[in-house]
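Put the complex together from the two separate chains, hints included.
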Amino acid sequence: AQKVTQAQTEISVVEKEDVTLDCVYETRDTTYYLFWYKQPPSGELVFLIRRNSFDEQNEISGRYSWNFQKSTSSFNFTITASQVVDSAVYFCALSEGLNYGGSQGNLIFGKGTKLSVKP
Amino acid sequence: SQTIHQWPATLVQPVGSPLSLECTVEGTSNPNLYWYRQAAGRGLQLLFYSVGIGQISSEVPQNLSASRPQDRQFILSSKKLLLSDSGFYLCAWSLGGAFEQYFGPGTRLTVT
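Protein chains in written order, with the working numbering: chain C, 1 to 119; chain F, 1001 to 1112.
Bound-form chain F, shown alone (with noise of 0.2 Å):
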């Protein structure tokens, strides 16, 4: 069966530190990945998608930039990160744009 990694869990970084978060999938081949943040008031917007290694997709502008080294890896990043980078980060994988979107378990990040 497959699995969703995110970690970590939980993190408190300062305004202008860098940032990463990492997601891993498990048992399955050439996923869709995806990367959704979800602030206060529990709106879910789309950050980043892929469809495969090296391909990125953004949905919004922002200080965050998103990679893809491996087929089943997926990486959120900041060099600096801002107060309003604050949320609950989500990862999230389906075999394509027809099917189901499965999350991770998620990381919430405050910065301070």
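For reference, chain C alone in the conformation it holds in the complex (with noise of 0.2 Å):
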């Protein structure tokens, strides 16, 4: 079955500090796809990036990087050099591809991590 988890549950760190929020996925599919998005206090859920499971390749966007691993079924996100705004919930997703029939892309939600970046 799929599963979507987040074990790190609050994490708080100080301005300029490096933090990476954990993403592990279970799927039984071949094709499927991930995400993360970023849930700011005002509550709308905004999303960062979709990785497809046939592309392992790294990604980076400005201070944000995301490491991508099929051998343990990671997809971990990385902030580099936290600032204050980056503080909010943050969410990994898990889309199945349509090889089980009518997923309509439907996302898989883990319960979300939810940092604090302290100045």
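Hints in this document: simulated from the structure, not taken from any laboratory.
Do not rely on the hints blindly, as some may be mistaken.
Said to hold, decoys possible - Once the Cα atoms are required to be at most 20 Å apart in a straight line, the calculated DMTMM-like pairs of lysine to aspartate or glutamate come out as:
| hint | chain 1 | residue 1 | chain 2 | residue 2 |
| --- | --- | --- | --- | --- |
| 1 | C | 111 | F | 1100 |
| 2 | C | 111 | C | 10 |
| 3 | C | 38 | F | 1071 |
Unchecked claim - Simulated DEER-style distance windows between Cβ atoms:
| hint | chain 1 | residue 1 | chain 2 | residue 2 | range |
| --- | --- | --- | --- | --- | --- |
| 4 | C | 1 | F | 1057 | 16 to 22 Å |
| 5 | F | 1022 | C | 54 | 35 to 41 Å |
| 6 | C | 20 | F | 1077 | 40 to 46 Å |
| 7 | C | 7 | F | 1060 | 34 to 40 Å |
| 8 | F | 1017 | C | 20 | 43 to 49 Å |
| 9 | C | 24 | F | 1018 | 38 to 44 Å |
| 10 | F | 1060 | C | 84 | 34 to 40 Å |
Ideal Cβ placement from N, Cα and C applies to all residues, glycine included.
Next up, the structure:
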């Protein structure tokens, strides 16, 4: 069965520290998609990144980087030189391919990691 | 560019009253549409999704229903609210199953 685990419930860091948010997933499908979303205190979920299962290349976008490792079923997210504006709840999500019928891209979310960055 | 609207932003309703939440998307055609609920504790639960007008799939049994009367309009309804319906309701759209979903600002519902 599909599942996303974010073992870190809350993380607190001081500004300028690096922080890594862990995400481990389970899926029976060979084609799947992984996502990270940010939910600031306002509540709206903001899309950060999508990764296809057949593309294990890591990605960097400014202070954000993502490490996808199929061998360990992990898709970790690192924020370098964290800032107060990074404070939010971060969700990892999984969408399986359509091999098992009609999922239509439904996202399975982890329970989220609340990141607090203190000045 | 595409935008997604939800209203109302907040709602306080008594138990047993009806509910209607509306979501509209601009700037795209034939999107997949989704309703999620986020209860206390932060987990997001998919309630309904739709791949076209009049096509609704339900993920969990409950006293809620959804309708898609127009291509870019998605409505979440209830005839009689329960206390357990309280939560943060999020609407989302995507171009299809392989694509990311974009979320609206959400409706915070409190059932008293």
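Status of the hints after comparison with the structure:
no. : hint                      : in the structure
1   : C:111 - F:1100            : 18 Å, holds
2   : C:111 - C:10              : 11 Å, holds
3   : C:38 - F:1071             : 28 Å, violated
4   : C:1 - F:1057: 16 to 22 Å  : 19 Å, holds
5   : F:1022 - C:54: 35 to 41 Å : 38 Å, holds
6   : C:20 - F:1077: 40 to 46 Å : 42 Å, holds
7   : C:7 - F:1060: 34 to 40 Å  : 25 Å, violated
8   : F:1017 - C:20: 43 to 49 Å : 45 Å, holds
9   : C:24 - F:1018: 38 to 44 Å : 41 Å, holds
10  : F:1060 - C:84: 34 to 40 Å : 37 Å, holds
Consistency with the previously given hints fails for numbers 3, 7, ordered from lowest to highest.
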